[in-house]
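Peer 1: Here is how the chains run, residue by residue.
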Amino acid sequence: MKILWELFITFFKIGAFTFGGGYAMLPLIQQEVCDNKHWIKEEEIVDVIALSQSVPGAIAVNASTFIGYKISGIKGALVATLGTVLPSFLIILSLAGLLLKFAGNEIVEKAFSGIRAMVMALILAAVFKMGKSSIKDYRTLTIAVISFVFLLLFDLHPIVAIIFGGLAGVIIYNKFILLKDKEGCN
Amino acid sequence: MVYWQFFLSFFKIGLFSYGGGFAMIPLIQKEIESHNWLTAHEFVNIIAVSEATPGPVAINSATFVGFKTAGFWGAFVSTLGVCLPSLIIVLILARIVDKFIDHPVVKGMLYGIRPVVISLVLLAAVFVAQTVLFTEQGVLGVDWISVIIVCLGFLGVMKYKLHPILLIFIAGVSGILFY
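Same order as they appear, the protein sequences are chains A and B.
The first sequence maps to residues 1 to 186 in the working numbering.
The second sequence maps to residues 187 to 365 in the working numbering.
Simulated from the structure, these hints should not be mistaken for laboratory data.
Do not take every clue at face value.
[To be verified] Listed below are the simulated EDC-like cross-link pairs for lysine to aspartate or glutamate, each with C-alpha atoms no more than 16 Å apart in a straight line: (1) B:K347 <-> A:E43; (2) A:K101 <-> B:D284; (3) A:K37 <-> B:D284; (4) A:K70 <-> B:E228; (5) B:K345 <-> A:E44; (6) B:K293 <-> A:D35; (7) A:K110 <-> B:E237; (8) B:K347 <-> A:D155; (9) A:K70 <-> A:E43; (10) B:K293 <-> A:E32.
For clarity, every value in this text was computed on a predicted model and none was experimentally measured.
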């Protein structure tokens, strides 16, 4: 029971302070779920993102469902998703009219200019933190660089990039790393 | 019966949109137009508010559209509809992944997918940078206030381990003071 409540509170906090969609959520998830609670490891977060990106739906909902399931099964998944969704739901319902009035307000715009810049810093920091656990050797670095170039310059679809990464990973891992591990045992 | 229609429309949106909230906006627009739920002007306003309020854009806009068109229960069924496909699909997948996580093929896949995910997140940062770092009024076309916030924020997280929520507050206040 206690873990479910903690899950709910954690994801409620994440939902309430995420500005600008799914990726902006990552730094918060990382801080709360990995660094503070130690529920899952950094590289598992990366797996969660891969999966969230590969299935339809909002990334935030996918990610919280997946993390909730990992921590506490189906109940965990439901509670984490509810936590993520509830702040949005409540804020929109209670402030809908007011928000429409303030949409173009100068002070609000100024605050958001600052927040947007911070969101960029947070996402960049997430890249570096997660990069440490995911890019371990020159092979994974090569995969990262090649996929980045194709995504940026040739507009490659994220799912296609993930599929190619998976294929390359299976080949490299089974050809080089598994063999090496076996030799290392002798 | 309008509730059932809302639920179906948003279930469809949740089921067929890949790549998160922003990819959903055209789909939401199509559903709204085909049912004449809102005018184009109202829709643009709702998207602006959805982006400026905390939480996933997909959830914000589903709640808002449902609320505007059919009150509380409209908001409830649209939000439920947009989340349900994710919940079902992810739960099924999570069980499969759990079972095969130690299989060498799955291990290999993750070995290759992880660096791709890092590129994807870096790409997201690059897209945000395009709107954040450049402005027509600034010296050399660069928004120097944003550059400073980005640098200090990055340092704050990596070196001083400040909490992201604290940093977002500071950035909001700095925005009001310095812009």
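Peer 1: Determine for every hint whether it applies to the structure shown.
Peer 2: Hints, verified against the model:
At most 16 Å may separate the alpha-carbon atoms for a hinted pair to count; B:K347 and A:E43 exceed this at roughly 19 Å. Restraint check for A:K101 and B:D284: the C-alpha separation of about 47 Å exceeds 16 Å, so the hint is violated. The hinted pair formed by A:K37 and B:D284 fails the criterion: a straight-line CA distance of about 21 Å is larger than 16 Å. Our distance criterion of 16 Å between C-alpha atoms is broken by A:K70 and B:E228, whose separation comes to about 40 Å.
Annotation: proposed proximity of B:K345 to A:E44 is violated, straight-line Cα distance about 23 Å (limit 16 Å). Restraint check for B:K293 and A:D35: the C-alpha separation of about 24 Å exceeds 16 Å, so the hint is violated. Restraint check for A:K110 and B:E237: satisfied, since their Cα atoms lie roughly 15 Å apart, inside the 16 Å limit. Between the alpha carbons of B:K347 and A:D155 the distance comes to roughly 34 Å, so the proposed pair goes past 16 Å and is violated.
Among the hinted pairs, A:K70 with A:E43 is consistent with the structure: their alpha-carbon atoms are about 14 Å apart, no more than 16 Å. A threshold of 16 Å between alpha carbons decides the hint, and for B:K293 with A:E32 the separation of about 26 Å lies outside it, so the pair is violated.
Violation of the numbered hints given earlier is confined to hints 1, 2, 3, 4, 5, 6, 8, 10; the remaining hints are satisfied by the structure.
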